[in-house]
Amino acid sequence: MNGFWSVYRKELYSSFASPIFYAVAFTFLVICGYFFYSAMAYFNLISFQASQDPMMADQLNITEMVMRPFFLDISIVLLLMAPLLTMRLYAEERKSGTMELLFTYPITDRATLLAKFGAVLTILAVLLSGTLPSILLLYFLASPNWAAVFSGYLGVFLLGGSFLALGLFTSSVTQNQIIAAILSFGALLMFWIIGWLKSIVGPTAAQLVEYLAVTRHFESFAKGVLDSRDFVFYFVFILFFLFLTLRQVESYRWRG
Amino acid sequence: MIEAQGLTKYYGPVAAIRDVTFQVERGEVVGFLGPNGAGKSTTMRILTCYMPPTAGQAKIDGLDCFEQSLRVRQKIGYLPENVPLYADMTVAHFLRFAAGAKGVARKQIDHEVQRVVDVCGLEKVSRRIIGHLSKGYRQRVGVAHALLNNPSVLILDEPTIGLDPAQIIEIRRLIQQLREDHTILLSSHILPEVAQICQRVLIINNGQIVATDTPANLISQLQKTARIALQVQGPASELAEALKQMDGVQRVSHEAGNNHHLMVETDPSRDLRAEIARCVLQRGLDLLELKSVDLSLEDIFLQLVTEDPAQEESES
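As they're listed, the protein sequences go chains S and B.
Residue numbering for the first sequence follows numbering that gives the first Met the number 0, beginning at 0 and increasing consecutively.
Residue numbering for the second sequence follows numbering that gives the first Met the number 0, beginning at 0 and increasing consecutively.
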């Protein structure tokens with residue numbers, strides 16, 4: 000346990016010491032801010048028009064018109080940013096030879112893996128908390144549905160966690176950070192768009208590809224619906240890639 | 000304390016080490032000597048649980064390196080070759096991390112880090128970023144990190160490589176301090192260094208142990224002739240002929256381009272120095288220098304390392 004916290008703290012230290020985190024955080028927050036602004040501005044415009052039309056005013060819904068697109072937009076930005084957060088985790092350790100230190104300390108490979116994953120999840124939480132001021136603004140200007148906000152953040156966190164688990168795996172297959180990022184980005188994009196196949200393939204395969212599409216499970220969270228099937232999907236996704244990573248890391252030993 | 004039993008490691012079809020067997024007793028300082036690529040690092044990596052051997056068994060303090068890996072790792076301080084360190088951390092942060100990772104209790108970490116900082120003389124640089132340190136300091140940080148949690152066994156892979164002479168002397172002094180309460184296995188391809196620090200030497204070549212003994216014993220075992228260096232004033236070529244006729248002299252050689260210096264190889268069971276001196280004076284030459292020369296560790300090393308392939312060829 001001692002070893003876990005040491006590696007966890009080291010990973011956080013390295014992340015906050017590296018310029019990558021600040022570049023990612025800057026870009027992420029600027030784009031998220033822009034998305035929030037545009038959704039709000041649009042809502043504003045519709046509201047003005049609705050003020051002449053009471054029927055329309057009844058249908059205005061801030062969760063539906065601001066929060067939902069906002070969370071979907073965050074998930075797209077995360078898709079672009081997550082590979083940059085995970086690419087160095089194992090690739091750098093192998094390139095600089097520090098893997099040899101971790102392998103000869105009295106820590107299990109599993110503790111190291113969980114510490115690295117935990118650290119990068121923490122970074123994700125820090126990034127997401129950067130979008131809270133937008134929500135705070137909403138609190139002053141309107142009355143958002145807090146349950147839906149919570150559900151949206153939970154969904155984004157789980158989705159982000161899945162992206163990071165996959166990124167952790169690609170980081171373990173290569174010593175080159177750029178290659179790790181590219182592989183991770185490509186794989187994430189595939190999981191994103193695989194659902195498009197459903198109209199082309201047969202009915203059984205259609206169900207499968209639809210199930211595999213990471214974003215489909217996110218949509219219900221963004222709407223404020225907590226469905227256990229989606230939780231299961233994300234947990235299995237994360238565990239699967241952590242398992243692959245662990246096997247991959249163990250294989251460094253016997254491959255020398 | 001350290002036990003290697005028939006260690007063999009294949010990288011694909013290539014055998015890095017074959018049937019390496021040796022023991023290091025508690026409190027010993029043993030030098031692991033061999034040319035580059037002989038298998039020193041591979042052996043050390045197996046002993047430190049970095050990777051399992053293809054065949055054979057490694058034990059530290061009676062614990063198997065493969066079966067009881069975590070417990071073995073607690074007993075070992077390891078300085079890997081080329082000293083991989085986290086370049087973006089400060090020395091103090093890195094040492095605190097390493098102390099925690101090596102299982103030092105939380106409350107003890109500050110104390111333990113302070114101890115190794117003092118031992119290795121890192122006080123001045125403890126707040127600096129490792130990536131900005133000179134090679135000598137990085138090496139010291141590596142040694143400091145190996146000492147954390149006071150392991151009973153230290154395995155140091157080329158601790159002095161790439162250092163300038165002053166730094167080498169410093170590291171050597173440090174190792175000499177450490178020998179009091181650690182069992183040390185260190186590798187090197189620099190011979191005088193090993194001869195100075197170590198009580199015993201393991202010589203490895205082509206993945207096999209070719210000799211293991213104290214430096215002094217190795218010298219006496221391998222010394223097939225006693226050698227006497229001679230310096231005279233005047234033409235020495237006639238003298239050389241005369242010496243060759245002398246009973247017990249096996250070879251006389253000139254130093255290239257300098258016929259005032261002669262190297263006389265004699266039967267090791269007899270001391271011919273007095274007779275040689277007399278012979279020089281009888282020929283009317285002035286004797287400037289006469290001394291017996293011991294085989295240096297370098298000579299032994301070359302002898303072992305160059306003999307080996309020849310032997311293999313004759314065997315096959």
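It is worth saying that the hints were derived from the structure and are not from the lab.
Virtual Cβ for every residue (Gly too), placed ideally from N, Cα, C.
One should not assume that every hint holds.
In silico negatives: residues of chain B with every beta carbon more than 12 Å from chain S [said to hold, decoys possible]: (1) Q4; (2) T53; (3) Q73; (4) N81; (5) D87; (6) R105; (7) G161; (8) R226; (9) H253; (10) R272; (11) L286.
Quick list of in silico lysine to any residue cross-link-like pairs, SDA-like style, CA-CA up to 20 Å [claimed, not checked]: (12) K106/B / G2/S; (13) K94/S / L284/B; (14) K94/S / K106/B; (15) K243/B / Q220/B.
On the chain S side, residues computed to face chain B include the following (Cβ under 10 Å) [unchecked claim]: (16) S13; (17) I45; (18) S46; (19) S50; (20) L71; (21) E99; (22) F102.
Hints, one by one, checked against the model:
no., hint, in the structure
1, Q4, "19 Å, holds"
2, T53, "9 Å, violated"
3, Q73, "4 Å, violated"
4, N81, "6 Å, violated"
5, D87, "5 Å, violated"
6, R105, "7 Å, violated"
7, G161, "15 Å, holds"
8, R226, "43 Å, holds"
9, H253, "49 Å, holds"
10, R272, "53 Å, holds"
11, L286, "57 Å, holds"
12, K106/B / G2/S, "14 Å, holds"
13, K94/S / L284/B, "66 Å, violated"
14, K94/S / K106/B, "33 Å, violated"
15, K243/B / Q220/B, "25 Å, violated"
16, S13, "6 Å, holds"
17, I45, "49 Å, violated"
18, S46, "49 Å, violated"
19, S50, "56 Å, violated"
20, L71, "35 Å, violated"
21, E99, "5 Å, holds"
22, F102, "5 Å, holds"
When the structure is compared with the earlier hints, violations turn up for hints 2, 3, 4, 5, 6, 13, 14, 15, 17, 18, 19 and 20 and for no others.
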